[in-house]
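Student: In case you want the letters, here they are:
Number of protein chains: 8
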Amino acid sequence: MENEIGKILDKLLDDFQDKGISRKELTKKISELYFEDIGFAKVDHHRKLRRGFPEVIFGANKTKHQTIEIAKSILKYSNKLLITKADRDCYIDLKKDFPRLNYDDLSQCIYLVPEDHDNNLKDGIVIMCAGTSDIPIAEEACISAYMMENNIKKIFDVGVAGLHRLLNFKKEILEAKVIIAVAGMEGALPGIVSSISTCPVIGVPTSIGYGTGFKGVSSLLTMLNSCSPGLSVVNIDNGFGAGYIAGLINRQSTI
Amino acid sequence: MENEIGKILDKLLDDFQDKGISRKELTKKISELYFEDIGFAKVDHHRKLRRGFPEVIFGANKTKHQTIEIAKSILKYSNKLLITKADRDCYIDLKKDFPRLNYDDLSQCIYLVPEDHDNNLKDGIVIMCAGTSDIPIAEEACISAYMMENNIKKIFDVGVAGLHRLLNFKKEILEAKVIIAVAGMEGALPGIVSSISTCPVIGVPTSIGYGTGFKGVSSLLTMLNSCSPGLSVVNIDNGFGAGYIAGLINRQSTI
Amino acid sequence: MENEIGKILDKLLDDFQDKGISRKELTKKISELYFEDIGFAKVDHHRKLRRGFPEVIFGANKTKHQTIEIAKSILKYSNKLLITKADRDCYIDLKKDFPRLNYDDLSQCIYLVPEDHDNNLKDGIVIMCAGTSDIPIAEEACISAYMMENNIKKIFDVGVAGLHRLLNFKKEILEAKVIIAVAGMEGALPGIVSSISTCPVIGVPTSIGYGTGFKGVSSLLTMLNSCSPGLSVVNIDNGFGAGYIAGLINRQSTI
Amino acid sequence: MENEIGKILDKLLDDFQDKGISRKELTKKISELYFEDIGFAKVDHHRKLRRGFPEVIFGANKTKHQTIEIAKSILKYSNKLLITKADRDCYIDLKKDFPRLNYDDLSQCIYLVPEDHDNNLKDGIVIMCAGTSDIPIAEEACISAYMMENNIKKIFDVGVAGLHRLLNFKKEILEAKVIIAVAGMEGALPGIVSSISTCPVIGVPTSIGYGTGFKGVSSLLTMLNSCSPGLSVVNIDNGFGAGYIAGLINRQSTI
Amino acid sequence: MENEIGKILDKLLDDFQDKGISRKELTKKISELYFEDIGFAKVDHHRKLRRGFPEVIFGANKTKHQTIEIAKSILKYSNKLLITKADRDCYIDLKKDFPRLNYDDLSQCIYLVPEDHDNNLKDGIVIMCAGTSDIPIAEEACISAYMMENNIKKIFDVGVAGLHRLLNFKKEILEAKVIIAVAGMEGALPGIVSSISTCPVIGVPTSIGYGTGFKGVSSLLTMLNSCSPGLSVVNIDNGFGAGYIAGLINRQSTI
Amino acid sequence: MENEIGKILDKLLDDFQDKGISRKELTKKISELYFEDIGFAKVDHHRKLRRGFPEVIFGANKTKHQTIEIAKSILKYSNKLLITKADRDCYIDLKKDFPRLNYDDLSQCIYLVPEDHDNNLKDGIVIMCAGTSDIPIAEEACISAYMMENNIKKIFDVGVAGLHRLLNFKKEILEAKVIIAVAGMEGALPGIVSSISTCPVIGVPTSIGYGTGFKGVSSLLTMLNSCSPGLSVVNIDNGFGAGYIAGLINRQSTI
Amino acid sequence: MENEIGKILDKLLDDFQDKGISRKELTKKISELYFEDIGFAKVDHHRKLRRGFPEVIFGANKTKHQTIEIAKSILKYSNKLLITKADRDCYIDLKKDFPRLNYDDLSQCIYLVPEDHDNNLKDGIVIMCAGTSDIPIAEEACISAYMMENNIKKIFDVGVAGLHRLLNFKKEILEAKVIIAVAGMEGALPGIVSSISTCPVIGVPTSIGYGTGFKGVSSLLTMLNSCSPGLSVVNIDNGFGAGYIAGLINRQSTI
Amino acid sequence: MENEIGKILDKLLDDFQDKGISRKELTKKISELYFEDIGFAKVDHHRKLRRGFPEVIFGANKTKHQTIEIAKSILKYSNKLLITKADRDCYIDLKKDFPRLNYDDLSQCIYLVPEDHDNNLKDGIVIMCAGTSDIPIAEEACISAYMMENNIKKIFDVGVAGLHRLLNFKKEILEAKVIIAVAGMEGALPGIVSSISTCPVIGVPTSIGYGTGFKGVSSLLTMLNSCSPGLSVVNIDNGFGAGYIAGLINRQSTI
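Protein chains in written order, with the numbering used here: chain A, 100 to 354; chain B, 100 to 354; chain C, 100 to 354; chain D, 100 to 354; chain E, 100 to 354; chain F, 100 to 354; chain G, 100 to 354; chain H, 100 to 354.
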């Protein structure tokens, strides 16, 4: 544990016992101060308290060593773990210490959920994608939302080149509390979905395409310029971000 | 009324009376078919049924004549009206026929709400902006969310150059059900807000800035690339879109 | 007439009379050589022979004087004239000399057709646009295709935010020989139209929109990346180009 | 077969037998509803009915397994197949089940045509390219148009750096019903071809070039800005799209 | 005169008289040091010695006062003056003091040449432009090259949409020592000219065009990517730069 | 004064008197909390304590009313004021209340310094610009650095097209503690200056230029890519930012 | 030989013998018609007659087979050959048939010159580069200009970060007839060279750099926006193009 | 040693002995003239005199041979060496000749410092980075500043997604003389740091991120547009440049 924080915590606990600050006050102060310094990273343990979800590791630009050490640090205080854009090799190494770990080959997500996680999942989130090639990003969104205790309805490969495939799922669209629509190429799916739905839609552009697709920029621009209100957007290929927001929105509906 | 639709409606009503289709079935079929053709526009009357909000007029690229005729058409079937990016001149003309119409000079919105609109507003939406120059877009978001029956908490001019101004409103941020954060220049506000909040945040980049601000592109990119999950984004200067989405999300929390 | 060309023509006529080259050969050679030099412009008279349509004047970057002189030069050898992006002032001046001239305020087109032009128009071209603000470009396409002796079916304001408005015209879409679909904002209309039609579709992005619309670039990219085959694209706001191509395609269907 | 569609089909057939809906009505309804769900894809079987060509597989972003399964699904209901941007490995696997399959190394297309396909090809399509390096995309266009029952005239390596090479083919250009012009680098070929032809020209920019070629963007812009009317454009390297449109246009000339 | 320079000049002259440095040495040293400081500008008088042409004033971003004061300073030591992108108002004021001054309305150039300037002009430079709208930039190039004592052959409005207009001037093209080709829109002219000429060609993109012309960027890219060697390029709308380079090249041919 | 802050201040003062927190501790806490809410702005009064300079008003996107009210609020607690990009009209209104106010027409800065400001200026900052058109931005930098109690050495119009003009000031360059180099067009000046100096150089790209200057982007890129280490960069036209940084650096040299 | 051309040649020779057209006329007509069709390429043999240099092969996007066949075709009628961006493997294969072939590892050029090529080289061309990493492109320019019978003066690694290195070569710069200046990174070298020289300068941006160098775009923009007249530019990494233009300019000085 | 320089040096030394020029004058003249020509590079030896640091080798675009020869040349006259972006292989070869050489695997820097280098390091520089993936660039900055005789305080992984991690280091931030803040993704860290610090801050965008991060462009734009004055920026991934500038600034504070 980082030293300076340690001293402040000691002082806080002294205050708690000596000067009668309340348990709620104590918890609040701790939640503002806590992180762990492991040299190349400062693991944000208190994010789980603050935002209901521990720090998520973006695996793509880290060494295997860094990813594993950060993961181990998180798992000291959390029974949930999500590493996105991670390769199977990293999973195999981590699994030795954490046998309940899962890996999804399509989305390249390593994840861990508590044993009773599936007992209490909530309906309401629909995740769609336009083409077969968009599935990895859609699955990343599914896993992320699933980790926030949701049961996902998946509707894949319903791009606008065959509008009847999409319209076949009108019922699911109308019953959703929040929809994630994932699309590369021209990215028209989220706008069309938004125009026939009654709930918020989150568009996820993917880098699928070629030429003037510009690795997802065309798809992103389509979504940002949609005439159909109700649609907001996240970064290209950011399935995790969309799944997380959908989880926040769906969580609201029980309050 | 458009002819082909007219015939179908006649047939539907015959069916209703003769073959006993239910009132619910009738309404559903009508809601799928209905719009009004006024020559230069096909007014989407059934959008109000479908999405809980009538068609909104984007005033910026239309002639005054076009805007007024579309507005009159909408008001035949709706007691709500919203025209964004509209000039005062257009408002003055419309007000002759609709004396209860309002105009907001900052955001250039013309709007009309039912007489009892304010009796039943819902709390939960916080709308923030980074600088004084971002207020017009923030106000457009406020009016849009207000029209969806929300009572807005406004926190303006709390950009990150003076972090203490923002942190002063931590309580409001933590109590919100959904937050809209409007920012031009470097657009860092929504990411910071998202990192200290527990609800979904909608970022609205504005075209405020100069040089490499590129009329809002820099701000948009900052929001799309935020490391802080929970943030989704709409088009530059799209206050209406953000207000509408916030309305959809906040509506969920009562269901 | 330009001198060097004049000498060649003299020689060609000598050959025609003396050495017995055929009338067809003579016409072909003349059509390869002919243009008129009026100082600041070389008017391409033989384009009408070569391509079935005289040179069209793009009014936007020319002085009124230049536009009028080029127009007069064209009308020496042609009973058709089209000036796009031209202001009313220029029209009024030209009309003094050519009283049968027309002006379309929406598209800012000055045009002249032969007296019997309307006797022989051909069906098959459908021109659609997504929003009221796209009408000026759609009308430019209509006038251009009309000048190539076509009778246009217009379907305006059928953007994808209200999909039922578009699907209402499925019959017209299926019967078309060639469709022009004009759209700004996210530009999704042409791709959707293409996916439900059986003929070639020409997409025309417009500069209508704001923020990341980037004056039509977003719309253009959407069309170029459409997953729905059968769609080709012209420059932003190039209604004339689309109308001209539609005319070329529709002309094929009689051969 | 997907369940919900199955039930609707049962009901349709009952209606056909019991309530006397016509065979034409039955076929139309089926063609609006039908696709096959194979998990990671919803194969659009009825596209062949709707658009005269089955769903085409874009091989570049799919796993070999996905490509092969989609191909097999298409071939259950179709005697035509086209997979673009596919590697030879995928071809070899598929050929085991479909021995009449072909592979074109240059364009990386896997394709299958009916046995009697070559008996009934139609003339009228000319496909040109500017340089030797553009041939792969030109060949993709050739195969695509050939699959739509056309006999293609190929004119390759006629870029504008040696104008006499192009002008040597003036006769073929003037006799064409529709021309595809493929070009990378500065992309001037389609505009020049359009200026000397009388039929519609489809420009295909390629990603061939270096430096400010920007992987085809320079070529695309040249084509979009061509002063020569009659030219429309498809995405960079989209040989298939151009071949398909040429097929649609050439099909018109027989109606 | 600027003080520090003044002192150095005093010292140089002392050296010349006392220590016997040669007149040539003296001149060389002076030419390396000399400029005049008029507060908001340091007029580079010795540029005329160094480069054969005095400093040229780019009028577009200067106040009228600044432009006039710099012009007056130049004319103290030079009998030549060129101000580009200058308005007529500035010309009228300057003409009061310098009655032999000229103004060209099309190119917005103010210029002055010595009285005997026209006695000794040199042939060899051809300046072409693609369209009527490109003439202002072509004229700026003409005046710039003329001021470097050249007699210009102008060939305007010969864009590639009417290739026969260009080919009609093959003789002039083949006889040129250096060619300037000015073009907006798709900018194909310089590449075509280069492919049929035997001398260096300088391409000048203009900002003429619309939509994806991007104010000259499309034209510039076309020229940079031309497959036809022999073509180099200057900035968009930089007629002066092209004229100056043509002057430098043509000057070589007499040495 | 804003209420919540007020209460906290009351409590702080009680603590100061009752529990013996030191005056230094008190000041530090106050400086973290303080701002004034004037409705459309939250004026950051404590920035002067925190950063040695009060909040600076960017006048360009504000109404005159907003600018004046924010200015008045700042002047309640500060004897310094800087408004950049402000028009003369705003200055005239403010001057009625603050007669010692100054306005600089070139840079459009309104500014106020304490009466004894000039008694204690520090040498060390050199501000250079490449051309006459860059002077407004250079002057904005001068005023900003002057307000931070510096005496500026100005060297204007020394762009690299006349290298001798620049080299003439080698002594001033070598003696500087920090240099600001302002340049539009190709922006080469800061890199050249950096290569011959021994102190940090701050490059300010300006929007001066045309065509591919892209309103300062070309100049910015040149500076960012300079091979000459020692150069850092601010936003296009951000003279204030550069002046402020130079002030911070020069202030270091006395500590 | 291509058939249609063959027939025309037969006819031309008949005319030569029968109708007395002159040998010069015959040669001119042949030079307009001639190229060789080798299937995937139409080799432009008459380019050597027309432009003084045979067709140059851009090796980067061609298969080894294509490159070798085109090379062999060129060498049937030419004693010069240049292949740029070619790998050593291709060189080794070609060398078996053409033992006098050369390969330059740095620039990846394969080239062949006549045996007496070095007897008659002309001085006047100086080729400079800014950094060691720019040498490959500078060498490509050297070989290209050398093949046009020039003796090149090379001055490498004289970038502006050490201005004294450049100024040391002032004599060579002032004596040059034409200079090529090659630079990546910020690309300031050509502008500085131009400002101290009296001849035309050709700038070659290279793709050397990182980050905002954008693979040569920053360098290109610097050159296009140079305030120093006399500089024109070619595509990024286009050493060949620059060498060819320098050859054309230097050839002028003997006429 | 390069010949021409050699002769000038001989002459200078003669002058020193014969005509009595001072030792200071001699040193100054030598420092303006000296570099070593090793064929593919002109090593700028006198940079160490001029700027207090020898030439730094950017290893990324050089061959191993080139890098090693330049390094050896520098080490003839310097006891310091820095090679950035260099691979370990190059280090191993160089270490044979220079056993005291160091290599940092994270930043890929080869470096050498004098034996007594650590005896005299200066405090004042703080280097921070936002995420673990930004460490390589932050370490490059650390080594560069360390070589300029500074003792660096490192604060890594304190990105704004966990604001409390950053605020924990407020003391270090307030005590710094100059701060380097390194960040990829949305790049908000430097602006936030600047807003709470009192010294100059240098922002270093990194290419870490995905999608619309555009390899560092998003991060760069955020920093350039920061509302918080006091922040200047260097090229993407230019850790060396930032370290060098920080060294220049920190050196000022002792004068």
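Since the hints were made in silico from the structure, they are not lab data.
It cannot be assumed that every hint is accurate.
Dumping the calculated DSS-like pairs for lysine-lysine here, alpha-carbon to alpha-carbon at most 25 Å [claimed, not checked]:
#1 K314(B) / K184(F)
#2 K269(B) / K110(F)
#3 K314(D) / K253(G)
#4 K269(E) / K270(D)
#5 K269(B) / K221(B)
#6 K253(G) / K269(G)
#7 K171(H) / K314(G)
#8 K110(G) / K118(C)
Some, not all, of what chain G presents toward chain D, calculated at C-beta under 8 Å [stated by the list, open to error]:
#9 G119
#10 S121
#11 I335
Predicted, not measured: the structure shown is a model, and the values here were computed from it.
Heads up, the beta-carbon is just placed ideally off N, CA and C, and yes, glycines get one too.
Student: Hint by hint, say whether it matches the structure.
Tutor: So, going through the hints one by one against the coordinates:
1. K314(B) / K184(F): With Cα atoms ~17 Å apart, K314(B) and K184(F) stay inside 25 Å; holds.
2. K269(B) / K110(F): holds (19 Å)
3. K314(D) / K253(G): Violated. K314(D) to K253(G) sits at ~32 Å, over the 25 Å cutoff.
4. K269(E) / K270(D): holds (23 Å)
5. K269(B) / K221(B): holds (21 Å)
6. K253(G) / K269(G): Given that 25 Å is the threshold and the Cα spacing comes to 13 Å, the pair holds.
7. K171(H) / K314(G): Judged against 25 Å, a Cα distance of about 29 Å means the pair is violated.
8. K110(G) / K118(C): Holds - the C-alpha atoms of K118(C) and K110(G) are around 19 Å apart, at most 25 Å.
9. G119: Violated, because the Cβ-Cβ distance from G119(G) to chain D comes to roughly 25 Å (cut-off 8 Å).
10. S121: violated (21 Å)
11. I335: holds (3 Å)
When held up to the earlier numbered hints, the structure conflicts with 3, 7, 9 and 10 and fits the remainder.
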